[in-house]
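A.B. asks: Sequence:
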Amino acid sequence: MKNKELFKKHHFWILLGIVPLFVLIAAITISSNVGAAVDKKLSDYKSSESSITSKLNPKSEELIKRIKDQVARVESKKDELWRLNWERQKDMYVWPNSPRLKDIERLNLAFGKTIPYSENQYEEFKKPEVYLAEFSTANAKKGIPPSTGMADTLAPTQFLNGWQSVLRHVNVWDDRALTSEQIWLMMEDIWIQRSLLDAVRSVNAQMAEFRRVKYEKDGVVIDDPEKKTPDDPLRRKFHSRIWDLELEVVPKGNSKVLVGRLINHTDRLQLMGLNNTMIVKVWLQPGKDVRPFEFKIGGEFLAGKGAMKADGKTPANVLNIVPTDDHIIPPTLDVAEIVKVEQVFDARTVPVRRIEAMQLGKTDSRFADKQILMPKFPAFEKEEIKKEDPLSPKGPGGTPVFLPPPGGLDQPGGVGGVGGVGGKSGGGTVDTVVNANKKRYVAVTGEVRRMPVAIALVVDQAYMQDVLLAFANSQLKFQITQANWARFRGTLGSGVNDPKLDPLSGGSVLFAQPGAPNALGGEFRDPELRGPKPIGPPPVGPRPLPGPGGPGSPGGPFGLSGNLTTVSESQLTSGLIELSVYGVVSLYEKFVAAGEVSKDPVIEPKPKDKEPKVDPKAKGAEPKAKEPVVPDPKTKVEPKATEPKTKDPEPVVPDPKTPKQPAVPDPKTPKSRRRRIC
Numbered sequence: 003m004k005n006k007e008l009f010k011k012h013h014f015w016i017l018l019g020i021v022p023l024f025v026l027i028a029a030i031t032i033s034s035n036v037g038a039a040v041d042k043k044l045s046d047y048k049s050s051e052s053s054i055t056s057k058l059n060p061k062s063e064e065l066i067k068r069i070k071d072q073v074a075r076v077e078s079k080k081d082e083l084w085r086l087n088w089e090r091q092k093d094m095y096v097w098p099n100s101p102r103l104k105d106i107e108r109l110n111l112a113f114g115k116t117i118p119y120s121e122n123q124y125e126e127f128k129k130p131e132v133y134l135a136e137f138s139t140a141n142a143k144k145g146i147p148p149s150t151g152m153a154d155t156l157a158p159t160q161f162l163n164g165w166q167s168v169l170r171h172v173n174v175w176d177d178r179a180l181t182s183e184q185i186w187l188m189m190e191d192i193w194i195q196r197s198l199l200d201a202v203r204s205v206n207a208q209m210a211e212f213r214r215v216k217y218e219k220d221g222v223v224i225d226d227p228e229k230k231t232p233d234d235p236l237r238r239k240f241h242s243r244i245w246d247l248e249l250e251v252v253p254k255g256n257s258k259v260l261v262g263r264l265i266n267h268t269d270r271l272q273l274m275g276l277n278n279t280m281i282v283k284v285w286l287q288p289g290k291d292v293r294p295f296e297f298k299i300g301g302e303f304l305a306g307k308g309a310m311k312a313d314g315k316t317p318a319n320v321l322n323i324v325p326t327d328d329h330i331i332p333p334t335l336d337v338a339e340i341v342k343v344e345q346v347f348d349a350r351t352v353p354v355r356r357i358e359a360m361q362l363g364k365t366d367s368r369f370a371d372k373q374i375l376m377p378k379f380p381a382f383e384k385e386e387i388k389k390e391d392p393l394s395p396k397g398p399g400g401t402p403v404f405l406p407p408p409g410g411l412d413q414p415g416g417v418g419g420v421g422g423v424g425g426k427s428g429g430g431t432v433d434t435v436v437n438a439n440k441k442r443y444v445a446v447t448g449e450v451r452r453m454p455v456a457i458a459l460v461v462d463q464a465y466m467q468d469v470l471l472a473f474a475n476s477q478l479k480f481q482i483t484q485a486n487w488a489r490f491r492g493t494l495g496s497g498v499n500d501p502k503l504d505p506l507s508g509g510s511v512l513f514a515q516p517g518a519p520n521a522l523g524g525e526f527r528d529p530e531l532r533g534p535k536p537i538g539p540p541p542v543g544p545r546p547l548p549g550p551g552g553p554g555s556p557g558g559p560f561g562l563s564g565n566l567t568t569v570s571e572s573q574l575t576s577g578l579i580e581l582s583v584y585g586v587v588s589l590y591e592k593f594v595a596a597g598e599v600s601k602d603p604v605i606e607p608k609p610k611d612k613e614p615k616v617d618p619k620a621k622g623a624e625p626k627a628k629e630p631v632v633p634d635p636k637t638k639v640e641p642k643a644t645e646p647k648t649k650d651p652e653p654v655v656p657d658p659k660t661p662k663q664p665a666v667p668d669p670k671t672p673k674s675r676r677r678r679i680c
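If you read the sequence shown in my numbering, its first letter stands for residue 3, the second for the next number, and so on.
There may be inaccurate statements among the hints.
[To be verified] Each computed DSS-like pair below joins lysine-lysine, with the alpha-carbon atoms no more than 25 Å apart:
| no. | residue 1 | residue 2 |
| --- | --- | --- |
| 1 | K479 | K115 |
| 2 | K479 | K79 |
| 3 | K219 | K254 |
| 4 | K441 | K384 |
| 5 | K384 | K592 |
| 6 | K342 | K298 |
| 7 | K592 | K92 |
| 8 | K92 | K479 |
[Unchecked claim] Cβ pair distances, simulated, as ranges:
| no. | residue 1 | residue 2 | range |
| --- | --- | --- | --- |
| 9 | W175 | D81 | 39 to 45 Å |
| 10 | I605 | E63 | 49 to 55 Å |
| 11 | N173 | I330 | 44 to 50 Å |
| 12 | A596 | W175 | 39 to 45 Å |
| 13 | L58 | A112 | 51 to 57 Å |
| 14 | A112 | L335 | 46 to 52 Å |
No lab work stands behind these hints: they were computed from the structure.
Remember, it's a predicted structure, so these values are computed and weren't measured experimentally.
The beta carbon of each residue, even a glycine, is placed where N, CA and C say it ideally should be.
Input sequences plus hints: build the corresponding full structure.
C.D. replies: See the structure below:
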C-alpha cells in the first residue's frame, strides 16, 4: 500500500522521465520508415524517367550497324590519306646520278633508315659530278655548259648572285666520313629545293603556252577549234596570257613561209625579248618527237591595248609580221597543220625574273614562338639525351646556329617580313650546312614531317596569284601561311645600255642560263656592286636611226640597231614586285599499313670516325686539358718523399751610397701620362 501511495504521489515525475523517452523512440522509428519509403519512390521515379527518355529516339539495328561502319571508316581514313599522300610524293625522292646511289634508290628505304655503306657509297657525295650536279652541271674550268641541274632547268630565271648564294648545299668537305643521318638531311634539302623550283618553273611554262582559239577575220570564220574537222589547218589563231598570234603557212616559190600578226591584248607595254627579237616555237605536225620551227618576230616592244600610233587610227598594239628569210620553213620539216605554239622566254620576258632567297626551316609570325624539332633519328635522340644529362662532360661548344636578322629573309634589298629562326642559305661545310640545321621541323609524327620554308622572288605582278597557286599545288603540299609583297625598287637592267646583254650594241649574246659567261652580267647584278649612276636627266641627243628591214623584222622600227633607248628602266620594272612567301611543307614517311612490318633491310649503323688528332704545338691549336688520373683503390700507393722546401730569396737592399738613376720617360708615351719620378 505504501508503494502504491508513493507511486500515486510521485506519478508526475515518473511519467515525465518515461514518456519523452518513448516519444523519442517512436519519432526515430517513424522517420526511418518514412525516409526509406521516400527514397524508394524517388528511385522508382528516376528509373521510369530514364526508361521513357531512352525510348523517345529509338534506333534500329540497321542504323546502329551503319554508325559502327562509319566509325570504322573514319579510323581507317588516316591510313588511306597517308597512303595517297605518300603515293603522290614518292616520285620526288630521286637520288643523284651514280650507280651506287641508284642502288640505294631502288631499295626504297624509309627516311632515317641506315643507308648501306659496304661499297663506299657515302664517299660518292664528295664527287662534284654526283652531288653538286644535282644543283648545276656547269663547269667553267672544263667548259661544260649548264643543262640538267635544278638551277639549270630554271633558266632564264636567275638567282641573286648565282645559285651558289641562294640554294643550301655543301661545297667544302673534310677528311671525316659522312654519316647516314647527314646524308638523309642533305638529300632532304635537295628534294625540297628542287620541288620549290619546279613550282616556279611550272609558272614560266604555263605562261609560255598558247592555246588554239577561234580565228575570225572580217566576219568570216577561218578556224574554229570546237569543230571536229578543221576549216584550214594552215591558218590558225593562238592565245596566251599576253599575246594573240595569228599564223598562216603560205607558199613562196618552192618553199613555204610562216607569216602572221602579233597582238598585245594586255593594257601594258610588253617587251619582245633580247636582241629585240621574240622567239616562238611552232609545231607543224602532230606527234611527241616532232622538232618545232623557231619563228622569230623582230621588234623592241608592243604598246598596250588602246594605244594608237602617230596617225591616231592605227592600233599600236598590233604588229604585222613581215616575212624574211628566217621565216622560210626548212624542207626537212614536214608541214601538215599548225598544231601547237609556245613562247621562248629570255631574261627580259620571263614571268619570274629572279630568285632572291630561299631558306629551309624559316618560320613566319604564326610559328615564330614554336619549338623547332629534329628528325627522330636514334643517333640524334642519343645526342640530345647526352646533352640533357647534368653529369655529362661539357664540351667546348658546338657549331653556332645562324639566326637571320629581324625583318625577314636574309637577302640584300629584299622584302622585309617577320623575324624567325631559319637555316642559313648558300654553301658551306657539313657542320654549317647539315649539323647546324638539324632542328628544322615544326611537327614530327610517324606519318609526316612538317618543315617551315620561305622563298623570296622578283615576279611580274600579273603572275603573283599563279606563283602562289603553283606552290600550293606542288608535291610538297605547300601550306602558305604568310605572303608579303612590295613594289620592286631595284634595277634589273634588262639590256638597257648594256652591251653584254644586247648583241646589237656591239656586245655578246646573253645565254639565258645560270653559269653561262654573261648570264649574271648587268641584267641581274647586285645594285651595290654596280658603278655610280650619273646624277641628273639622261643626255639629250639624236636617237639611232632604224636599221634595214620592214616593220616587224629585226632591225625595223621596232628593232633598233643600237642600244635599247626608247624604253626607260622604270618602264621595264614597273610591273615587277618582290614577293616573299612563307609556309609549311609536308614530307610524308614511307607508307606502312596498320599491322604490317616494314620490309626495309636492317643495316647496322656505320661506326663513327675518331675525332681528328690536334697537334698541341701547331699554331692556333688549343692545348688539350689533361684528364685527372683516378688511382685504383686496391693498389697501395707509397707516399713520396717530401723534398726540403727551398728558402725564398732575400730581397735586394739598395746601397744608400749609390746615386739614383733618373728615370727617362718613353718618348712615345703621351705627355699627359708622363710623370716625374723622384
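A.B. asks: Now look at each hint and say whether the structure bears it out.
C.D. replies: Do the hints match the structure? See the list:
no. : hint                    : result
1   : K479 x K115             : holds, 24 Å
2   : K479 x K79              : holds, 18 Å
3   : K219 x K254             : holds, 23 Å
4   : K441 x K384             : holds, 15 Å
5   : K384 x K592             : holds, 23 Å
6   : K342 x K298             : holds, 16 Å
7   : K592 x K92              : holds, 8 Å
8   : K92 x K479              : holds, 13 Å
9   : W175 x D81: 39 to 45 Å  : holds, 41 Å
10  : I605 x E63: 49 to 55 Å  : holds, 53 Å
11  : N173 x I330: 44 to 50 Å : holds, 48 Å
12  : A596 x W175: 39 to 45 Å : holds, 42 Å
13  : L58 x A112: 51 to 57 Å  : holds, 52 Å
14  : A112 x L335: 46 to 52 Å : holds, 50 Å
Every hint, counting from the list given before, is met by this structure.
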